[in-house]
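Asks: So you can see what is in the structure, the chains are spelled out below.
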Amino acid sequence: MKTQTKSVDIDRSAGDFAYPEVHVRDAGAGLSEKTVHYISDVKEDPDWVREFRLRGLKTFLEKPLPTHWASKDLETINFDKIRYYLAPGTGAKRSWDEVPEDIKRTFERLGIPEQERKFLAGVEAQFDSEAVYSNIKKAVGEQGVIFVGSTEGLKNHPEIFRKWFGKVIPIGDNKFSALNSAVFSGGSFIYVPPGVKVKHPLQAYFRINAENFGQFERTLIIADEGSEVTYMEGCTAPKFNTTTLHSAVVELIALKGAKIQYITVQNWSANVFNLVTKRGLAHENAEVKWIDCNIGSRLTMKYPGVVLKGRKARGEVLSIALANNGQHQDTGAKMIHAADETTSNIISKSISVGTGRATYRGLVHVPKHLKNCKNNTECDALLINSTSRTDTYPAITVRGTGNAVQHEASVSQVSAEQIFYMQQRGLSKAQAMSLSVNGFVNDLVRQFPMEYSVELKRLIELEMEGSVG
Amino acid sequence: MKTLTIENLRVTIADQEIVRGLSLAVPRGEVHAIMGPNGSGKSTLAKVLAGHPDYQVTAGSVTMDGENLLELEPDERARKGIFLAFQYPSEVPGVTIANFLRAAVQSRLPEGEELEATDYYAKLYEKMELLGMDRAFTSRAVNEGFSGGEKKRTEILQLAMLEPKYAILDETDSGLDIDALKTVAHGVNSLRGPDIGILLITHYQRILNYIVPDDVHVMVQGRIVRSGGKELALELEERGYDWAREAAGEMALTR
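Each protein sequence line maps, in turn, to chains A and B. Residue 1 is where the first sequence starts when you use my numbering, and the numbers rise one by one after that. Residue 1001 is where the second sequence starts when you use my numbering, and the numbers rise one by one after that.
Hints in this document: simulated from the structure, not taken from any laboratory. Incorrect hints may appear among the rest.
Claimed, not checked - If you anchor each label on the Cβ, the simulated ranges turn out as follows: (1) A/397 / B/1109: 49 to 59 angstroms; (2) A/371 / B/1053: 49 to 59 angstroms; (3) A/65 / B/1175: 54 to 64 angstroms; (4) A/395 / B/1145: 27 to 37 angstroms; (5) B/1037 / A/355: 43 to 53 angstroms; (6) A/355 / B/1114: 50 to 60 angstroms; (7) A/78 / B/1110: 50 to 60 angstroms; (8) A/64 / B/1117: 50 to 60 angstroms; (9) A/371 / B/1182: 43 to 53 angstroms; (10) B/1110 / A/65: 47 to 57 angstroms; (11) A/197 / B/1053: 47 to 57 angstroms; (12) A/355 / B/1145: 29 to 39 angstroms.
Glycine included, C-beta positions come from ideal geometry on N, C-alpha and C.
Please model the complete structure; the sequences and the hints are all you need to start from.
Replies: See below:
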C-alpha cells in the first residue's frame, strides 16, 4: 500500500508507549501467602477481606489450568514472574506538553476525547491499581449514587458491598476468578439507589503500565429496584517484551426492574493474557446487557454471562472480537435461565486477520421445569486471510417444553472480487478491507453509544492497516 | 490529445490468451461501442483496463492521456479517472451506498481535505433523481439483495458521482427490461460531454438505439475485426456475428 503522506503514515507502535515510573509499593514477583498478606496490609483490608483473599489463593493453587478445553498457551504464563500488587505514587506525573507528539496524534486519529487522551497519556488519572474517578463521581453523588474504587467501597460501604461481593462469581468459579479473589485491587464499586436513572454513563479506564505487572481489578455494580445505569470500560495498554496478565472479575446485580448496561472496548497489546470473568444477576423483570469489544491481546478468554434469576428477566450479550496475527480471541456468552418467561439474546461477531484465531463459546441453559423462556443466538465469523481461523462451540441445553431457542451461525470471507470492486472505486486495498470489516460489524455497532462506535471503527481501521500485503 | 489508447494489447489468464493484439483509441468527448459474441474477450478487456490482478498483460500498452496505466494499482487508476461499470457488481455487505460512495469521493480529495457532507448529499440526491432512484436507497447496503436492474442503476449512480475521465460500461444493458434500459441510457446520455470518453461493451445492438455511439468496433477472438460508424451496429445485427468471425478469419490469414 502506498500511503506516503505524513498524516496517514501511522507508526503502529505509537500506542505501545510506556513511561518509566516509580512505584512506592510493590509486592515483588511471585504469589504466596506472604504476597496476599502484604497486599492486605498495604490496603488495610478488614479481616473478612484478608480471609477472602487467602481462600482465593488456596483455590487458585489447587485448581488446574483449564487446558483440557482451553488453549495450551495458558501454560506459558509464568505465575512466579508476575508482580501481583503495585500501587502508584500519588498525583499526575507529567503535563500534556510532555506527552510525545506521535502519541497525541494516535489519540487524535482514534478520536479519543480530550479528557480521555490526558488520562491515557498518564497526564491525568490513575496509574495501575488504584482507580481515580473524577467529576462524574461528584455529579452522580447528588442522586445518592455511590461510585468509588473497590477498596473504598468495601471499607466505607460494607453493608452493601459485603452482601453481594463474590456472590455472582464465587471464588472457585474458575482458576482466574480465584486468582483475582486473592490479589484484587482497583476496579469500581457502584451502587444505584432504587428508582434512580443515571443519565450519563459512568466510565473508568484501566491501563497496565509496568513490566510483568498483572492487573486484577474487581468491579461490583448493584442497581437497586427500578434503577438504571450504564458503565463503560475502555482499555489501552503499552507494549512490553514479557508477558502481561490481566485477570479481572466483574459482578453485576440488577434488582427487580433494574437495568444495567456494561460496555467494554478494549485494545490490549499483543503480549497480554486477558482472562476475565464477567457475570450479571438479573432479578425479576430486570435487564443486564453486556456490550463487549475485544481487540488485541495474545489470548483473551472472556464469556460475559447473565443468570436470569427472576421472572421475566432479560439478558443480552453483544460482542465483537478481532483477532490479528498471533492472537487468539476466545470469547462468547453464557445465559443461565433460572426463572419462567426469561429471555436472552446473544449476538457475536468475530474477525480473524492474518494468523489470528477467533473462537466462539456459548452456553445457554434452560432447565426442564421452566416455561416460556426464549433464547436467540447469532454468531458470525469473518475470515480475512487464508491463514485466519475461526471455531464455534455453541452449547445449548434446553429441556422441557414451551421454550423457544433460535441459533444461527455463519462464516464468511471478504472475497478478492469484492476488494477489487471497492478498489475500482478509488479505495486503497487497506481502506477497502477496513470498510468491509466495518460493514460486517455495522448492524451491531449501531447499537453502541455514539462515541464508542466511532472509536471502535477507528480501532478496526488501525488494525486492518497492516493486514494487506 | 486526450485519449484512452490501447495498442497491440495481449492478455492471458491461466496461460490462455484472451486478448490477442488489440488496438483501440477512445478520445474524450466520444462514445465508442465494442460489440462481440460471447467469449470474444470483451469483459476481459474491461477488467484489464481496470487493473484486475488475475490477468497478465504479456504485450502492448494502455495509456490514459499519455500516462501508462498498466503500472498503476486498480485504485490508482480509479482515482486518476478510470471507471468500470461492472457486468456483475460485487456486494459489499453492511456498507451503505451513501457511505461507500462517500469513501470513494473522499479518496479523490487531496490529503487532509474533508468532504463537505451537505454538498455531497446534495449532489448524490440530484444524481439519484436523474436515475429515478428513491432517496431511501442510499441507506441500503451496496448491491446486497439488489435486483439486476437496481445493480446496474447503482453502477451508473456511482459513475455519475465519481465523474471519471473514461468510463467502461461492461454489458450494462444485460438483464435490463426496456424501461430500466431507458432510464440507465438516459443517465449515461446526461453524462456525455467533452470531458468524458465512454467505452460501451455490449453483446446486443439494442442499447445503441438509446446511447448512440460515435464509433462501433467489432471484437472477435480477442481482436477488433471491424470498426465503423454507428451504422456498423445495424449491419452486424442484420448479418450476425458469423460475418464478423469470417472477417476475423481473413485477418488471421493476412497476418
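Asks: All hints, please: hold or fail.
Replies: Now the hints, each set against the structure:
{"no.": "1", "hint": "A/397 / B/1109: 49 to 59 angstroms", "verdict": "55 angstroms, holds"}
{"no.": "2", "hint": "A/371 / B/1053: 49 to 59 angstroms", "verdict": "58 angstroms, holds"}
{"no.": "3", "hint": "A/65 / B/1175: 54 to 64 angstroms", "verdict": "58 angstroms, holds"}
{"no.": "4", "hint": "A/395 / B/1145: 27 to 37 angstroms", "verdict": "33 angstroms, holds"}
{"no.": "5", "hint": "B/1037 / A/355: 43 to 53 angstroms", "verdict": "46 angstroms, holds"}
{"no.": "6", "hint": "A/355 / B/1114: 50 to 60 angstroms", "verdict": "36 angstroms, violated"}
{"no.": "7", "hint": "A/78 / B/1110: 50 to 60 angstroms", "verdict": "52 angstroms, holds"}
{"no.": "8", "hint": "A/64 / B/1117: 50 to 60 angstroms", "verdict": "57 angstroms, holds"}
{"no.": "9", "hint": "A/371 / B/1182: 43 to 53 angstroms", "verdict": "59 angstroms, violated"}
{"no.": "10", "hint": "B/1110 / A/65: 47 to 57 angstroms", "verdict": "55 angstroms, holds"}
{"no.": "11", "hint": "A/197 / B/1053: 47 to 57 angstroms", "verdict": "55 angstroms, holds"}
{"no.": "12", "hint": "A/355 / B/1145: 29 to 39 angstroms", "verdict": "33 angstroms, holds"}
Of the hints listed earlier, those the structure fails to meet are numbers 6, 9, in rising order.
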